[in-house]
Amino acid sequence: MDFTLSAEQSELRSTVSSFLRKRYELEPSRSAARSSIGWQPEIWQAFAEEIGILAATLPEEVGGDGGGAVETMVIAEELGRALVVEPFVSTVVLGAGLLRRAGGSKARAVLEGIASGRERVALAIDEPDSYPSGYEVATSATRAGDEWVLTGTKTMVGDAPLATRLLVVARTSGERRDPAGLSLFLLDFDASDLPADVKVHSYRTIDDRWAADIEFRDVRLPAEALLGEADHAGSLLDPAMDEATAAVCAEAVGLMRKVFADTVAYAKERRQFGQPIGSFQALQHRMVDMHIELERSVSAAYLATLRLGDAPDQRARAVSAAKVTLSRAAKFIGENAVQLHGGMGMTQELAVGHFFKRLTAIQAEYGDADFHRVRYARLSDHRSRAATGEAGVRSGAVAVG
Amino acid sequence: MDFTLSAEQSELRSTVSSFLRKRYELEPSRSAARSSIGWQPEIWQAFAEEIGILAATLPEEVGGDGGGAVETMVIAEELGRALVVEPFVSTVVLGAGLLRRAGGSKARAVLEGIASGRERVALAIDEPDSYPSGYEVATSATRAGDEWVLTGTKTMVGDAPLATRLLVVARTSGERRDPAGLSLFLLDFDASDLPADVKVHSYRTIDDRWAADIEFRDVRLPAEALLGEADHAGSLLDPAMDEATAAVCAEAVGLMRKVFADTVAYAKERRQFGQPIGSFQALQHRMVDMHIELERSVSAAYLATLRLGDAPDQRARAVSAAKVTLSRAAKFIGENAVQLHGGMGMTQELAVGHFFKRLTAIQAEYGDADFHRVRYARLSDHRSRAATGEAGVRSGAVAVG
Amino acid sequence: MDLQYSPADEEFRDEVRTFLEENLTPELRRAGRLATSVYHDHEASMKWQEILRRRGWAAPGWPVEHGGCGWTASQHYIFSRESTIAGAPALSPMGIKMVAHAIIKFGTEEQKEYFLPRILTGEVFFCQGYSEPESGSDLASLAMQAVDDGDDLVCTGSKIWTTHAGEANWMFALVRTTRGPKKQQGITFVLVDMKSPGIEVQPLVMTSGEQIQNQVFFDQVRIPKKNVIGQIDDGWTVAKYLLEFERGGSPASAKLQVQLDEIAQAAANRPGPNGPLLDDPLFAVKLADLRIRCDVLEVLEYRNLARLSEGKNPGTASSLLKIINTELSQDITVLALEAAGPQGLAYQPHATMPGGPVHDHSPPQDGYVSGEAWQAVAPLHYFNDRAGTIYAGSNEIQRNILAKAELGL
Amino acid sequence: MDLQYSPADEEFRDEVRTFLEENLTPELRRAGRLATSVYHDHEASMKWQEILRRRGWAAPGWPVEHGGCGWTASQHYIFSRESTIAGAPALSPMGIKMVAHAIIKFGTEEQKEYFLPRILTGEVFFCQGYSEPESGSDLASLAMQAVDDGDDLVCTGSKIWTTHAGEANWMFALVRTTRGPKKQQGITFVLVDMKSPGIEVQPLVMTSGEQIQNQVFFDQVRIPKKNVIGQIDDGWTVAKYLLEFERGGSPASAKLQVQLDEIAQAAANRPGPNGPLLDDPLFAVKLADLRIRCDVLEVLEYRNLARLSEGKNPGTASSLLKIINTELSQDITVLALEAAGPQGLAYQPHATMPGGPVHDHSPPQDGYVSGEAWQAVAPLHYFNDRAGTIYAGSNEIQRNILAKAELGL
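Residue numbers (my numbering), protein chains in the order written: chain D, 12 to 412; chain C, 12 to 412; chain W, 512 to 920; chain Y, 512 to 920.
For the record, the hints were derived by calculation from the structure and aren't laboratory data. Do not take every clue at face value.
Said to hold, decoys possible - Only part of the chain W face toward chain C is listed, based on derived beta-carbon distances under 7 Å: (1) Val712; (2) Tyr813; (3) Ala817; (4) Leu819; (5) Leu918.
Stated by the list, open to error - Under the rule of at most 27 Å between Cα atoms (straight-line distance), these lysine-lysine pairs were calculated in the BS3-like manner: (6) W:Lys694 <-> W:Lys737; (7) D:Lys342 <-> D:Lys279; (8) C:Lys279 <-> W:Lys915; (9) C:Lys279 <-> Y:Lys694; (10) Y:Lys693 <-> Y:Lys915; (11) D:Lys342 <-> Y:Lys915; (12) W:Lys737 <-> W:Lys693; (13) W:Lys693 <-> W:Lys706; (14) C:Lys342 <-> Y:Lys797; (15) C:Lys342 <-> W:Lys915; (16) W:Lys797 <-> W:Lys623; (17) D:Lys342 <-> W:Lys797; (18) W:Lys693 <-> D:Lys279; (19) Y:Lys608 <-> Y:Lys751; (20) W:Lys797 <-> C:Lys342; (21) Y:Lys751 <-> Y:Lys616; (22) W:Lys751 <-> C:Lys269; (23) W:Lys623 <-> W:Lys693; (24) D:Lys279 <-> Y:Lys915; (25) C:Lys279 <-> Y:Lys693; (26) Y:Lys797 <-> D:Lys342; (27) Y:Lys616 <-> Y:Lys694; (28) W:Lys915 <-> W:Lys797; (29) D:Lys279 <-> W:Lys915; (30) W:Lys751 <-> W:Lys694; (31) W:Lys608 <-> W:Lys737; (32) Y:Lys823 <-> D:Lys269; (33) C:Lys269 <-> C:Lys342; (34) W:Lys797 <-> W:Lys608; (35) Y:Lys694 <-> Y:Lys736; (36) W:Lys797 <-> Y:Lys694; (37) W:Lys693 <-> W:Lys915; (38) Y:Lys616 <-> C:Lys279; (39) Y:Lys737 <-> D:Lys269; (40) Y:Lys694 <-> Y:Lys737.
Bear in mind the structure is a predicted one, so any value in this text is a computation, not a measurement. Ideal placement from N, C-alpha and C gives every residue a C-beta, glycine not left out.
Could you put together the complete structure from these sequences and hints?
Set out below in structure tokens:
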């Protein structure tokens, strides 16, 4: 049991934190997000060159620093605290996680590009008629000689408008709801310069990020576009999605730390009826409940992060536990931060309004609370819980007379 | 829209209420409930002879006063307010409701006996391995010449130890989970004098009432024991169960009125930290939320009561809406009444502890909240709600471009 | 006791239905259905007001001599309920439902003659100047300085949360004419011509991106005393009178039921974990829970209506109803957002009909919408509806009121 | 960062497991499993204390010189966790975990010599005399009059919520020796021989029917001054010191996880609407939610443990953990009651092992139980567990503490 960061990890945290404090302000970042560019490329470059967070968790053989889950957590939390919109999780956690597992020279080249800040990756998986995060895929890739022919429509492809590469999940065998039979393809991508057989609709999201709907009409891909083994994308997706989920949980912790601190500060300062509103017991207890949700969230993010290396079921259960916890907390803290700020909390004048939107969006990302509740239930042994690793519960004989 | 009682109904309310205030005290009623007798027969007799509530809602041809759903609601609420344990709902609402619908001379005789206070009826329906309130019945009745042979085990037969008659739901055709194929049988019953082929285990319930598990081993019943048509008990049970459910909703309103009033009074009187605990804002808001739950409950009880005469689906939906509302309120008000009374609320010294137990039990009676949520969902048209009668919502065309 | 309308009410309801069927154009219904907040598309709303005015139904609550309908409480409820169910746009409450009542009760003959007919036609369109940056929940602490200067009051300060200040040509406002020991005293209720020199409107951008609320700055604005309603220094009396019209006045259950119907219909066509989302037991039960709360709210409203019909005071019922309906409404927006799925995260105000301009949003040139319009409405409605528990006396304040007035704590 | 035990801790855990497997008889486990509250069957509890004492593990938290184990914070946690998972009965906390620490810290040599070994053997069994009828949440307002009379204090008044007063032969109590402006001053911490003349114990019957709590009346009870712990008038210092041992001392997650395992196992065999209850999506999700809260609580406990291991003060963590674990525990009792179904409404304390006698209940002669023992436990546990949010500083008080100490409000 150890909840302290190593010296290097602490150093990483303070590097990221002080960079963001100095260089990442809310106003300009919103302006950039809402501009036609949609982000701040110079910030991304600084992430790579000045504070090295794009390489921090990548393997050493592609120019990375070999950091692990804790490093990802530290970075994501700090990015959350500053409400960074640039595509860290989709590129560095999810994208790189898939590429790393897929292996091969093409993947390796992209990983090197990620480490140096040149490449950004978006994963195209959800479809208009599929249950979100359910791996329900109708988009197909069929073999035609040496090539693959890709056909189908993807929706809400996060960060696609900024991406240099797409990772597309397509069905190469099996029925639409079959968890097997999926394959992963790597495509060059530039939303501003598209081939005729790819149609992209880009849009802003409610939290000032960007996404796109993408239609593939018989797009021909070379054989080497296939990453990993055909029909087995699930074995890449499962762990990489769990890593991404753990990372957004950490990001949510950062978001909540900020809005909670702002709320308590506001309650001490804002006066009504001749006293600070923070002196009213009903509001005090509400803020205590927010504090409790935050402390639970921190623990849940640890749980997910520190179980990423466990066996698949333990890993998935811990990640689902975390996402359920964080989603609930994000809603409770977000909504109450707004309520306690009163009307001002509903405007874009204060940080809380912007953070609230991200806290709303994050609840739905990588599976909403119900998705993860059901997954957790399915993974829990019906009779008695299996050991959740060394520190988990060991069920004794529970039968009684 | 009319929410006022008629002069006769108001009169009925004050008659019941003043009788109970004078003659039904908590201490002696608890003692009786815990004695081997288990209730106060003299009170029951007074219900029949002095205030006429056993006949109030029975048809005139069996000596009743022909009252309806509103009269039942008025009586049940007052009984709840005084925490009456005597078997009003099971005998006068559920039992009589089944007998009335079944018709026939035998049923009529029992109804006359109910009106005069001689008869008490218990319904045996749930079984040890059946989902509560799910009409899942394995107990069988098979024809043998002119007779029926009854075999099976019933559990939690409410008020059976005090009953003079049992109504037993048995399967006469179909599979165990088949909603059709059930029949209703009327048996003479005396828990203290049983035939060899009937085995009864009586027990007290957590709310100081009585119930029993009953085992029937090839019990031979005469042909006329069958009430109504064979295989069609469902058509009797559905409306009678809904009436009983509406009645316990009204009873719950009475219970909650009492514990809520006690809680507010206690909060005004009990002092800690030099002031009444009712002056603390967090507790004030809690009590306001209890008040809101109570007002919602009153409305829900009206809804159920005033829809009992509607078409089956409207009736069932209103009753389920009420039971869900009342169950939630009973839990919230019961638990918080205890919490606000502190340790004393957990003892049997104050009324609140006793009422809390009934409020706990009542949540599970006639289907718990989840049972009714699911039933309500099933009865709600998937596209848009049908008109819920004249005052219900009428859905316009809801499609938008 | 019964839950039936009287035959006369049924007849009235049919009359209303017929009128709505004949007059609600698809465009107007669209404004009702695609609204993202309680503020509907301004143009559609004013168009509908004009149609109602011609039928004599624009201001049914006014005294008959000023153009009201003399309806019973039931008729008001039925009219409001049927309009909502049919998808009619909501009218701005500021003029007809609020300040007009103050003018009728406390106004001079000249004020009545000038304002009332113009409010009906929309020639005069009001906004409300109550809250100030430092006076929110504690409204009576308001500080907008109004100095007596001959025939005028000269006002300096600022008002906030001024809905539709950009569209309005008049404002009704509370200003501070005298400072005394009791903060409720020394307040004056005034009507302000928005074209007066010294007024500056600064839109507030909400989280939804919509600019409906504003901050209005007053710099030495001259308000003729003939535009005072009631007595100088006695504006609190007028404001308290109006408060009754603001809280719990109209039925909320109908609107919420329609929203739930829309969610159900949408969920029948959205993918769930196992077939349509509507068949997912977890989703179905959440929907059932909200519908049940709506059914119960409807009965609560009928009970309140019955009290009003008997001429009784609603008492604390308006606080109770405000809490119940705003919290239910918020929970419904949460379920809608959940039903919307990933498309609910797309920011697409161009697919909706918001109550005002949208800041910093360029619709795509091809008008593309990811998913359907209701999915685009969902997040904006969720954001905007957070106001429900904040405005018109936050729900914390309502609970304080109930604790004191209803429970005697 | 990691969530693993160290190799030394793993070794220790295995040692504890082996000990538990060898020494926990089925009867003792039964007392743990069929307990209806935090108070386990008294006899089983004392038997287990004796077995632990022989192993040297009855009072691991004491200083080694008095019989403690010198364990690390991890070892304490592991021991407690493993004991719970194995189903060991809980020991009464009053003696070993509470008053003993006061005696060790503030007691005289004679007091230590007399009481500590006897607490271990059970020859001395303590109850706690803190609360009074008029002093609950506001403990410092306590009023039990203690008049100085030579070598004695003479006490008159009453104490309430005195757990196991019937079984106890000693009480530790706070009494009022001086009345001054500050209520925390003038309180004295005393040990009272329960056989002293003038003491009368009156059991309180709880809603569960159990008589574990009592009111204890003092009528001119003489307490020798040699039984004062610490200084006269300075008892608040002792009480505050003990409070640290009462709140959040031991891990709650293990017990709650075991309860959830039991619910899951039971629900696999109970009928649901469609096959086993455990397969009902609504039930499964409620169970998952509670398990998730437990998983998170476990990590919160580890974080607290890590702080303690570093020698840091737990700060407000004990209030936080108290709120989280009592509210979770109550929600678990609700799910258990739901899983129990109709049989959960049967009152059958004879099928359980309550922590004290049951009032007004005659078990059936044939020992019949409707359903299974866990179903009989469910309602009693639900009733008794309501105490969790009331005792040891109600959760409202804990929230006040957090608001002040943690948030600075």
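Q. So which of those numbered hints doesn't the model satisfy?
A. Failing hints, ascending: 1, 4, 13, 16, 22, 23, 28, 34, 36, 38 and 39.
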